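Peer 1: We have chain A; now place chain B onto it with these hints.
2 protein chains.
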Amino acid sequence: MRKMIQKIVMIGAGNLATQLSLALHEHGIEILQVYSRTAESAKELAGKLDCPFTTSVRKIEKNADLYVFAVSDRALQEILDKWSVPIGNSVHTAGSIPADIFENYAENYGVFYPLQTFSKERKVDFSDIPVCLESDNFKLRTDLIELAGQISKSVHLINSEQRKQLHLAAVFTCNFTNHMYSIGQKLLAEKNVDYELLKPLILETAQKALQLDPVSAQTGPAVRFDEEIMNSHEKALKDSPVFQKLYRFVSESIYKMHKGK
Amino acid sequence: MRKMIQKIVMIGAGNLATQLSLALHEHGIEILQVYSRTAESAKELAGKLDCPFTTSVRKIEKNADLYVFAVSDRALQEILDKWSVPIGNSVHTAGSIPADIFENYAENYGVFYPLQTFSKERKVDFSDIPVCLESDNFKLRTDLIELAGQISKSVHLINSEQRKQLHLAAVFTCNFTNHMYSIGQKLLAEKNVDYELLKPLILETAQKALQLDPVSAQTGPAVRFDEEIMNSHEKALKDSPVFQKLYRFVSESIYKMHKGK
Numbered sequence: 001m002r003k004m005i006q007k008i009v010m011i012g013a014g015n016l017a018t019q020l021s022l023a024l025h026e027h028g029i030e031i032l033q034v035y036s037r038t039a040e041s042a043k044e045l046a047g048k049l050d051c052p053f054t055t056s057v058r059k060i061e062k063n064a065d066l067y068v069f070a071v072s073d074r075a076l077q078e079i080l081d082k083w084s085v086p087i088g089n090s091v092h093t094a095g096s097i098p099a100d101i102f103e104n105y106a107e108n109y110g111v112f113y114p115l116q117t118f119s120k121e122r123k124v125d126f127s128d129i130p131v132c133l134e135s136d137n138f139k140l141r142t143d144l145i146e147l148a149g150q151i152s153k154s155v156h157l158i159n160s161e162q163r164k165q166l167h168l169a170a171v172f173t174c175n176f177t178n179h180m181y182s183i184g185q186k187l188l189a190e191k192n193v194d195y196e197l198l199k200p201l202i203l204e205t206a207q208k209a210l211q212l213d214p215v216s217a218q219t220g221p222a223v224r225f226d227e228e229i230m231n232s233h234e235k236a237l238k239d240s241p242v243f244q245k246l247y248r249f250v251s252e253s254i255y256k257m258h259k260g261k
Numbered sequence: 001m002r003k004m005i006q007k008i009v010m011i012g013a014g015n016l017a018t019q020l021s022l023a024l025h026e027h028g029i030e031i032l033q034v035y036s037r038t039a040e041s042a043k044e045l046a047g048k049l050d051c052p053f054t055t056s057v058r059k060i061e062k063n064a065d066l067y068v069f070a071v072s073d074r075a076l077q078e079i080l081d082k083w084s085v086p087i088g089n090s091v092h093t094a095g096s097i098p099a100d101i102f103e104n105y106a107e108n109y110g111v112f113y114p115l116q117t118f119s120k121e122r123k124v125d126f127s128d129i130p131v132c133l134e135s136d137n138f139k140l141r142t143d144l145i146e147l148a149g150q151i152s153k154s155v156h157l158i159n160s161e162q163r164k165q166l167h168l169a170a171v172f173t174c175n176f177t178n179h180m181y182s183i184g185q186k187l188l189a190e191k192n193v194d195y196e197l198l199k200p201l202i203l204e205t206a207q208k209a210l211q212l213d214p215v216s217a218q219t220g221p222a223v224r225f226d227e228e229i230m231n232s233h234e235k236a237l238k239d240s241p242v243f244q245k246l247y248r249f250v251s252e253s254i255y256k257m258h259k260g261k
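Keeping their order, the protein sequence lines are chains A and B. Mind the numbering: the first sequence is residues 1 to 261 in the UniProt record's numbering, read in order. Mind the numbering: the second sequence is residues 1 to 261 in the UniProt record's numbering, read in order.
So here's chain A without its partners, still in its complex pose (with noise of 0.2 angstroms):
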């Protein structure tokens, strides 16, 4: 079957711009050109993909069948403001903007957004990670399904809400979580404690958040409220007031969600 979309510019090579347009090149999109502002990342993308780059809004190729704006959300305002000339198909993979903010620049447009933590030196398999679609015009969204079809097997219709909410979800559950983690790790170093030691345990703890409900699986001082050892916590915390002042924020959130408030 004829691919509708084969041909795509992609505007970023960051983390995600970087990972996505691996996994396009590899299921047989072409990859026209890679656009950053910076040459030495653009360089570094275009020479993964085998394919041109550039650094100037206006030596975009005009001829793809897709623009994929894998930006920053301030940068994505100011290149779309460079340009001279109404942009073909595009999207941005964005959580938090809307749509339509391409409404002045391309005729059709839509977003799509692959909930995934990025890092250009960490390969992702795409096949897992949910691609979320949105877009007004019918032929857009059924090329775009299309499209995050052959990357993944977990392809969602979202609207502009629910991606905001699935983006604020998501630094819960990521950034904030990873935080987590970065805590841990400084706490042990203070005591000369190897952080190989919680390795384990943040494997399992992601692995049990697989199968059973987080809410019933949770664990710990603060659901069955022993005081004694949160306060001898939070003594312990005393040199680090910005950890101690999380520890009972966090430990009374987790009360409260038990509790049913």
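Keep in mind that a hint or two might mislead.
Which copy is meant is left open, so a pair is good if it fits within one copy or across any two.
Restricting the straight-line Cα-Cα distance to at most 16 angstroms, the calculated cross-link-like pairs of lysine to aspartate or glutamate (EDC-like) are [unchecked claim]:
# : residue 1 : residue 2
1 : LYS186    : ASP239
2 : LYS3      : ASP65
3 : LYS62     : GLU30
4 : LYS199    : ASP213
Derived by calculation from the structure, the hints in this document are not laboratory data. Just so it is clear, the structure is predicted and the values come from calculations on it, not from any experiment.
Peer 2: Only chain B this time, still in chain A's reference frame:
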């Protein structure tokens, strides 16, 4: 080689007692008897181990090589107070209780602290679980190392201060992390988005922290101080004041950690 600790009495029948005694049993250590205050849980575990149980401290077998106290911190002292004769070799499994709680009760004592989150319904592979040991008694310490080495590849001598810090780090890394998952789930439910969508992110965030340093792997609006997104997220949480406060606090903590404060 003759095992130095061959016969164990398990005091407790909760999540940890269950998983630990099953692992010991599988490695040829005899669980002589299970004690629990509630007949139901004692019977359930004894059934799995095919051994007798008791709910009376006075009826606990006297000839075990080791008494493992895998009970809540509060229950530990209560059970010790009921003991009428000196106890043989004794260990507890608690993160934040010093070894010398046994001082007036047992001649030789120590700590056998497996650093993991346990549920009765989820079987864990003990071989990867760090077992943190402590004992002032050379003979018992050696025997505990041998015992732990039979069920785990990760055996560590850890003093009480380090163990307490490990417990604190584990609260952040496991209990607080699980609460972040719970919040993510609740936020999605509000907008009728399936919790399934978060699962690949939960797993990847954990796996990333096993490979990369979590501090340098931190992503999200807080670490790049993206005020626009953070304000929009806080606004979105206006009907959940506890989560809103938590959002602000964790974001501040992330930002401060990365500013090196």
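Peer 1: Which of the numbered hints are not met once you compare them with the structure shown?
Peer 2: The structure breaks none of the hints.
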